[in-house]
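Enquirer: Residue numbers (this note's numbering), protein chains in the order written: chain A, 91 to 701; chain B, 1439 to 1778.
It should be emphasised that the hints constitute simulated quantities derived from the structure, not laboratory data. Hints may contain errors.
[Stated by the list, open to error] Below, in silico cross-link-like pairs of lysine-lysine (DSS-like), each with a Cα-Cα straight-line distance of 30 Å or less:
{"hint": "1", "chain 1": "A", "residue 1": "K237", "chain 2": "A", "residue 2": "K294"}
{"hint": "2", "chain 1": "B", "residue 1": "K1757", "chain 2": "A", "residue 2": "K280"}
{"hint": "3", "chain 1": "A", "residue 1": "K529", "chain 2": "B", "residue 2": "K1484"}
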Amino acid sequence: MTHQVIDAKDVVIRFAGDSGDGMQLTGTLFADASALYGNEISTFPDYPAEIRAPQGTVSGVSGFQVHVGREGVNTPGDFCDVLVAMNPAALKANAKWAKPTATIIVDIDSFDADGMEKAGFTTDNPFTELKVEDRNIICAPISTLTKESLKDSGLDPKSILRSKNMFTLGMCFFMFNRPLEYTYAYLEKKFGKKKPQLVEPNKKVLFDGYNYAANIQAIANTYTIAPADLPKGTYRNINGNQATAWGLIAAAEKSGLQLFCGSYPITPATGILEELALHKNLNVKTMQAEDEIAGICTAIGAAYGGALAVTTTSGPGLSLKSEAMGLAVITELPLVIVDVQRSGPSTGIPTKTEQTDLMQALYGRNGECPVCIVAAHSPSDCFNAAFNAAKLAVEHMMPVILMTEGFLGNGSEPWKIPSMKDYPEIVPPFAVASEEKFKPFERDPRTFVRKWAVPGKAGLEHRVGGLEKNPAGVISSDPENHAYMVEQRARKIAAVADFIPELEVMGEESGELLIVGWGGTYGHLYTAAKELQAEGRSVSLAHFDYINPLPKNTAEVFGRFKKILVCELNSGQFANYLRGCLPQFKYDQYNKVQGQPFIVKEIVDAASKML
Amino acid sequence: MTMKYTAKDFKSNQQVRWCPGCGDHAVLAAIQRAMPQVSENLGIDKEKFVVVSGIGCSSRLPYYMDTFGFHSIHGRATAISTGLKVARPDLSVWQACGDGDALAIGGNHFIHAIRRNVVINIILFNNQIYGLTKGQYSPTSKFGAVTKTSPYGTVENPFTPGMLVLGARGTFFARGIDVDIKTNQEIFETAALHKGASVCEMLTNCVIFNDGAHSAITAKEVRAERTIILRHGEKMLFGAENEKGLVLEGGRIKAVTVGQDGYTIDDVLVHDAHTQDTYMHNMLIDMKAPELPVALGVIRDVEDTTYDENVEQQFQEVKAGAKVHNVDELLHSGSTWEVR
Chain A
91 MTHQVIDAKD VVIRFAGDSG DGMQLTGTLF ADASALYGNE ISTFPDYPAE
141 IRAPQGTVSG VSGFQVHVGR EGVNTPGDFC DVLVAMNPAA LKANAKWAKP
191 TATIIVDIDS FDADGMEKAG FTTDNPFTEL KVEDRNIICA PISTLTKESL
241 KDSGLDPKSI LRSKNMFTLG MCFFMFNRPL EYTYAYLEKK FGKKKPQLVE
291 PNKKVLFDGY NYAANIQAIA NTYTIAPADL PKGTYRNING NQATAWGLIA
341 AAEKSGLQLF CGSYPITPAT GILEELALHK NLNVKTMQAE DEIAGICTAI
391 GAAYGGALAV TTTSGPGLSL KSEAMGLAVI TELPLVIVDV QRSGPSTGIP
441 TKTEQTDLMQ ALYGRNGECP VCIVAAHSPS DCFNAAFNAA KLAVEHMMPV
491 ILMTEGFLGN GSEPWKIPSM KDYPEIVPPF AVASEEKFKP FERDPRTFVR
541 KWAVPGKAGL EHRVGGLEKN PAGVISSDPE NHAYMVEQRA RKIAAVADFI
591 PELEVMGEES GELLIVGWGG TYGHLYTAAK ELQAEGRSVS LAHFDYINPL
641 PKNTAEVFGR FKKILVCELN SGQFANYLRG CLPQFKYDQY NKVQGQPFIV
691 KEIVDAASKM L
Chain B
1439 MTMKYTAKDF KSNQQVRWCP GCGDHAVLAA IQRAMPQVSE NLGIDKEKFV
1489 VVSGIGCSSR LPYYMDTFGF HSIHGRATAI STGLKVARPD LSVWQACGDG
1539 DALAIGGNHF IHAIRRNVVI NIILFNNQIY GLTKGQYSPT SKFGAVTKTS
1589 PYGTVENPFT PGMLVLGARG TFFARGIDVD IKTNQEIFET AALHKGASVC
1639 EMLTNCVIFN DGAHSAITAK EVRAERTIIL RHGEKMLFGA ENEKGLVLEG
1689 GRIKAVTVGQ DGYTIDDVLV HDAHTQDTYM HNMLIDMKAP ELPVALGVIR
1739 DVEDTTYDEN VEQQFQEVKA GAKVHNVDEL LHSGSTWEVR
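If we strip away everything but chain B, and leave its shape as in the complex, we get (with noise of 0.2 Å):
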């Protein structure tokens, strides 16, 4: 069966604005290349599907999509996303926002999106720098990181995205590099499938003010052996030739090679994604490089009621029980006397 778009049914005419190299190109090409397949799983039209945005170099993307767009004011994204899928549950509402847009200023909107579930699907750009104001640290760049406004090294810990996200009863996480335009397009349209908050990390590289922030773990010659791509019910395996796995041992993860010190397959570890249990996904997603793999596609992805069906479950109960159909019966309600 042939799809109704194609990726260039998702591109506007608008000229690309962002800095030759930057890594929010190839997570703008997943994006549209993911949509016409969304489009199909959904059931809806493209002008169902609308792009909301904060404010930072990656906020520019609802420009670059041929959708109802929306970029709005700094870390505010994800407040208008909610308002907007709240008052509207018919539309698919994809968020782009960055590190400083939505875990600094907008933190706040951040994390209580996540913990009401709404359903929308948040993509954070993380280059762990603020790029459009030219290089300041963010709430994700690592500790001592020198930019402009830390000269002499951050002293403050970085968030981790996914861990606030688990922390704040998220249901969704992904994590994805840039350049892996394959694996985001996945990760993107199993987001949209996801009935409640999907945030989607996407680690990616700013040129000009960060540039190699994560090239330890994505560079070429590194990534096979400092990342792993988790698939629900796969075997966590990773290495050039898929040699490594991860296995439990004393309650922790360890990385091993299959074949090696008497670990033979079935001792490496099956991604459960749905598992409501956040114990594995919360280790999964503080792995770090080089002494474990850094967890890359969906971590997490599990069942829970969403804050669009309660809140339309709530509407129907209150409008079958109600006395009052219209505003003339409200303004007869209660007390009321007459003057003759």
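Here chain A stands alone, though its shape is the one from the complex (with noise of 0.2 Å):
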């Protein structure tokens, strides 16, 4: 077999594996090793809600995509070129996913009777019952050359078992020629000071990994994939989780208020809370609270004090803090609150992706309570999704939803690192004592935002809460005053039309068909659009970073297209929103809820049906 190297554009690999075989790990540094190399990267961890789930089963695969590339990576990737199965199960689980010409490396050791029957195979031979057979399939005893390799380091056998996914990865690392100096460092780094016995055993089994792949023939096909024509400056990897709460402190900074987060573990929204914790050295309070309804009250408390106030969740925690939403609402404090979506309704499948709380976020509470909804769009967007959001609330004293989703927050990829020069100031509209009775109801006649008073400046002494009030802050249930209260909230939300950026046409700016999306699935329908105009088809995409007010100029972008599709992960909750917000469209509609991300394909089919 003659060995070629193969300069590719980009490839995608899946590592999957028993939830307890170190699979997102593997993957993890497998992609900051091609960051830190200068590739572009996108990757998608999709694994399980149990932590350790029954061994061996379908049930308790974890995987991990990335998409490595010179350009053109704006997803994880549809189908991969390489799949490593670490058993049985991942294989059936993830089988469906490699391409026509992918390589399928296996973990041979495990593909024991026992293994192909708690993956549920009926044939003893795996590839031919699902029908991939004529993959290049590797079937490689990683876990008898991992015992080997590490037979005199002193671990005991459950250690060096639990190696076997880096003797994986520097089988990866052959196959792609990424270096190895990366994953040593990060070695180094991890057990260094803890753990120091366990450095050099991993390093040698990522090395002999890497020398096994070298020297075993089967592979025909090497890849190398050069760096990434990005514009000049310092990069890193990030995840939207971290972005988030990294925007959230950029916020604080920016407006010289402290930043507080209180909130309950959910996930997949919970790496906020663990981040932000990190960071009290940048006046950050984070507090634990006993539930979610805690969570959003003491954030509110912690507003009506004078604080950047956040409360973290995904969708059955928005479901709980909803009445404490609307006394947001109608006591005008401002508040981040950052829905991670994931696969409902109930507890669903927690782990997985989906954009079905749109309509839980636009209208999921008592009353006429409109509020500001933002969304992500990317891993990295996050961080300014966040500054946004938490701009909005302060400057227009409102609560406000980010909306993300487990793709997003669970996501990473790399980002040009910002300056913070380059963000704008955030003003809080702190009221200041005079000769009159402070009335906290008094607006700004343009923007109709209320003034700010915080405990603790005299002659400012009000009251607020959940009943309605008049202008001057006065309990009231005049039928005209509630009329013209509830019409002052609405009006403040529309107001901030006019302080967001107007929408923005991916193509050309006007023709047959504009695919439209909101949030995390931005690089899919982005990479279908692109890849329809490369076809010479007339087709844009209108993505939108702002849901709750729309952008100002969404009629006029509708209006010079013949066909809008709307694309969206759960039942047409966008769609039906664009409906009554301008009606004299017509929506049609491309849909997915499986707890999966797009596939590009599948949008870039929806939208030639409609050609």
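Dock chain one against chain two, each of which comes alone in its own frame, and use the hints as you go.
Expert: Pasting the structure below:
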């Protein structure tokens, strides 16, 4: 067999194994090494809800897909060029993602009768049973070789076997010509101080995996993926939850306010609270509350006290916070509510991604209770989205729901580190005491924003609360006053349209078809639109970062296209919202509710059918 | 020395809308009378006072105080107070809440704020009924209470709020009866000086839906016999002439008459509100009339570190050792690479 080195534009690798096999770490290390090498990357962790699901079963399979490339890496990729399956169940659960030309690497040691049975294979050839026998299959005795590699390491057998993911990673590093140094450095940093005895064995097994792959000759092709042609600057990897936390911290710095986060742990949002808890040094206070309701209520208390207040959650937690969100609406206090959406209803499939909370975010409260809604469109965009959500909340004295998704929160990508000097100041509308008695609900005539009177300032003593008030802050059940206050609160949200960017069109400014999306589907929709444009089709993309209010030019943009296709990971919630807001247009839909992100091809197909 | 404020300074211009004869009027008066002294003791001005409440009759209280105030939602006052105090440790945070409000729908926040020992002052108006929804039983209604939702009597036991406070590691618990403004004023002043979460249970009368709920102990003719006002360091004496006292016998509290059956004043217990041990506090809180007098006054007032202090201390420690001082440095922390 002749060995070829292929210069690839991009490749997709999917690591799959038992949930205890360390696949998330393996995938992350591969992604990080590629990013440091200069590639574009996009990652997608796909893991089960159970921390240790029944070993060896399909339900316990944990996957991590990483897309690395020189250009055009906007999604974690649909199908993979290389599938690593550490056991039969991992192969079974993931074979469908292997391209016809894919290489499949399996740890053949795990393909014994027991493993095959647990995975539910009925024949003794898993490859024919899954109809992937024509792929380039590499059956490597990974467990045996790992044991052999570390037999003199002094580690116990369990720890030795746990290192088999490093052997696999070594093999992949050979296949893709990745340098080992980054991972060496990682291992030294991770284990150097606490478990120094693990540093050398892990390095050795990584190196041995690399050499094994080089020696077996079974790997016909190796790939080089040249560094991406990225704008100059300093880059880092960032996932969506971390970016969200940092965006909020940035907003606190720009506003001069203390950041307060009251939250309750919930998948997949917990990472934001965990990240914020690290940064007390940057004027961040976090409270792990006794429940979701206390999460938002402590935040509301902090907002009343003059903090930049935040609560973070996912769908079921957003339901629990509904009543308190109404309190923040009627008291007109600044508050950021982050909803990292996951599959529902109820507990649903908690580790899987969806966009099914939009209607809840828009309408899930009693009374006339409009809330401003911002959505993030990529892992690194969570930084800007969180910053913008906080700026709007503070400057417009209102709760803002920031919608992200499990796909964004856990996904990562390289990010050109911005400079804080390029971000705008955030100016809290603090009240100033005067001779006149302070009227808490007196408003700016243009923005309808009230003043923020923080305890501690003499002369501004006032009462707010869940009961309807008149502009002077006195309880009122007067019918006309109620109608007036309902209208004022709604106009305040509508006026936000003057402070958000207009909707941009990717592609021709007018034409046959406009693909419309929002939130975390951006990468897939963008890639699909680009592919169609490359084929000469008249397709453009309009992606919404602001849901309520909609950008001012939305109707004008929609009017320039013959057809509109709204693509989202739900049954049509944004499409229905648009039908209500802009009924003059006809909206076609492409929807998917499987707990999985789009794949580019299905968008291309759906759009093609309309052309 | 004259004080900076009088009770009048804490009265808002809002018309008080509780029913005539409602016990809440007297509690409000005690709070307004206590505040000037509290301001003096803590050395803080009126604009640093915030009164937070939940939902229910008693939760209207913030509107009647000329301070910063937040009338929130049912059961959540404790969570709102907590967030406010954690964000703003410089404020004096007071909370008005009812038995249904704090102990039913808000029970979770109540126990956790006490466990954390957040420096807030919780005034628990206990009238043993839902008044604002017009007369349904609450978690403190007596077993068998006939109400609109228990027409044949309740079949569930009530909480003793003080026991709940102890179970949640409470550091301060006091009890007062609505009309005893003088004792309640003392209670509030002591609560304000307590470092930690204080719970002041006010036995209030709802004239409309639960009239006389506490009259078995609060009625003038029986009050001296059926209640005892505890003060730290003082003998546990009660009765019209202070002729009765509490003694410890066989590990249990017993009410005796001094000078009878061989009991002398030396046998009478001295109240120690400051002991960490919950043994006596437990028994004192649980005393029930007519066998024993119901304990009023500050029953427990013990030192412990507070949530606010611990947050602040950690804050300072982390800041002192921090390598990252601003967001730009944060963004560049960890692994980065250059594209040239």
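Enquirer: Could you work out which of the previously given hints the structure breaks and list their numbers from low to high?
Expert: none
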